[in-house]
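A.B. asks: Sequence:
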Amino acid sequence: MDDPVVPAYPQPIRTRIRQLTLSLADLPLDPPVFLAPLAGITDLPFRRVVSGFGAGLVVSEMIASQDVVQGRPLARAKAELGFGEAATSVQLAGREAHWLAEAAKYCEGQGAKIIDFNMGCPAKRVTAAGGNGACGSALMREPDHAISLIEAVIKAVSVPVTLKMRLGWDDESHNAAEIARRAEVAGVQMVVIHGRTRCQFYKGKADWAAIARVKEAVSLPVIANGDITSPAKAAEALRLSRADGVMVGRGAQGRPWVLAEIAHELFGAPAPQIPTGAALADLVVTHYEAMLSFYGTELALKVARKHLGWYLDAAGADPVLRAKALTLNEPSAVISTLVSALRDAPHPAPERYAA
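Just so we're aligned, residue 1 is where the sequence shown starts under UniProt numbering, counting upward by one.
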């Protein structure tokens, strides 16, 4: 099905959306425009870039609970919050109550203000019954076990626990509303729904209207996720889902200011200064240097390439300079190439991605 026909909303869009203010415990989530957890992407450097423009909540990339407890450095780096961070949630994945509870305790001790439980990841390496077992969206096929895991996490920590999931495993098993009802009874304080089933992965279109069934089933906040890449799409997602807020995923790749754009157009937050030219080059170089510091040069060179590619694509940078920036292995050479590529690039492109 084609995208809904959504008008290009000028300033009056704010009058079309009810004013929403969310909070969990004593933690305000304002505006209700959140950054989704993306494996290998929403690390501390990227979360800081997005938060710098404005977001009500940013979520870490998915972390395997057993890896956190056993002290594997990369898993703990994914969970690192840093000092003075704005509202940040750490997302845990797993299927064993012991490891999930211990990981939640560790993350709370490190300063996590919210723990999110992953029941939405569709990746085969996560949902397959091997390694750490069938986790992520596979747990939607085991609702009783999933609720027992949620209860274990809630019992282990004093901070709010939230849940992210899909509509169901496939088109024959849309059970998100029932799981959300049971999760609310268990003590979950917010639910995020990606408007696809696991078997859809990222194909087709997110079914925002189907999220409304979850909203009808619970009294806690429900957040709509999937294909939200612009203020107009966020407005339509809220209208169809009747959700309390939106969560942006791949729409922020190369455009970390898009959450602030949505917050401005829908909720009257300050308008972001969208960088172009030299200002965009400064932003990207700062993000790149943060990745170098966070990961060390060798790993950062690999991790950074996808981010740099998204920035360069969104800016419409020269393809020759793009290719050069993504193949160089000397940070100073990468930086000088980025500056050359972005300084003279066209205005950042409109929405290109969905998640």
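These are calculated hints, taken from the structure and not from any lab test.
Errors might be hidden in some of the hints.
Stated by the list, open to error - Straight line, CA to CA, 30 Å or less: simulated DSS-like cross-link-like pairs of lysine-lysine:
1. LYS302 - LYS124
2. LYS205 - LYS105
3. LYS205 - LYS324
4. LYS124 - LYS203
5. LYS306 - LYS324
6. LYS324 - LYS113
7. LYS324 - LYS302
8. LYS203 - LYS306
9. LYS302 - LYS203
10. LYS105 - LYS124
11. LYS203 - LYS155
12. LYS155 - LYS205
13. LYS205 - LYS124
A.B. asks: Hints first: check each against the structure and report whether it holds.
C.D. replies: Quick rundown of the hints versus the structure:
About 23 Å separates the Cα atoms of LYS302 and LYS124, which keeps this hinted pair within 30 Å; it holds. Distance restraint check for LYS205 and LYS105: the Cα-Cα separation of roughly 37 Å exceeds the 30 Å cut-off, and the hinted pair is therefore not satisfied. The suggested pairing of LYS205 with LYS324 is violated, with an alpha-carbon distance near 34 Å, which exceeds 30 Å. For the proposed pair LYS124 and LYS203, the alpha carbon gap of about 15 Å is at most 30 Å, so the pair holds.
Annotation: proposed proximity of LYS306 to LYS324 holds, straight-line Cα distance about 14 Å (limit 30 Å). Distance check on the hinted pair: LYS324 and LYS113 sit about 40 Å apart at the alpha-carbon level, beyond 30 Å; violated. The hinted pair formed by LYS324 and LYS302 meets the criterion: a straight-line CA distance of about 14 Å does not exceed 30 Å. Using a Cα cut-off of 30 Å, the hinted pair LYS203 and LYS306 holds, with the two alpha carbons roughly 21 Å apart.
Proposed proximity of LYS302 and LYS203 is supported: the alpha carbons are some 27 Å apart, at most 30 Å. With a C-alpha separation of about 28 Å, the suggested pair LYS105 and LYS124 falls inside the 30 Å cut-off, and the hint holds. Our distance criterion of 30 Å between C-alpha atoms is broken by LYS203 and LYS155, whose separation comes to about 36 Å. Between LYS155 and LYS205, the direct Cα distance comes to roughly 37 Å. Violation of the 30 Å bound is thereby established for this hinted pair.
A C-alpha spacing of about 20 Å is found between LYS205 and LYS124, which places the hinted pair at or below 30 Å, so the restraint holds.
Of the numbered hints stated above, those contradicted by the structure are hints 2, 3, 6, 11 and 12, listed in ascending order.
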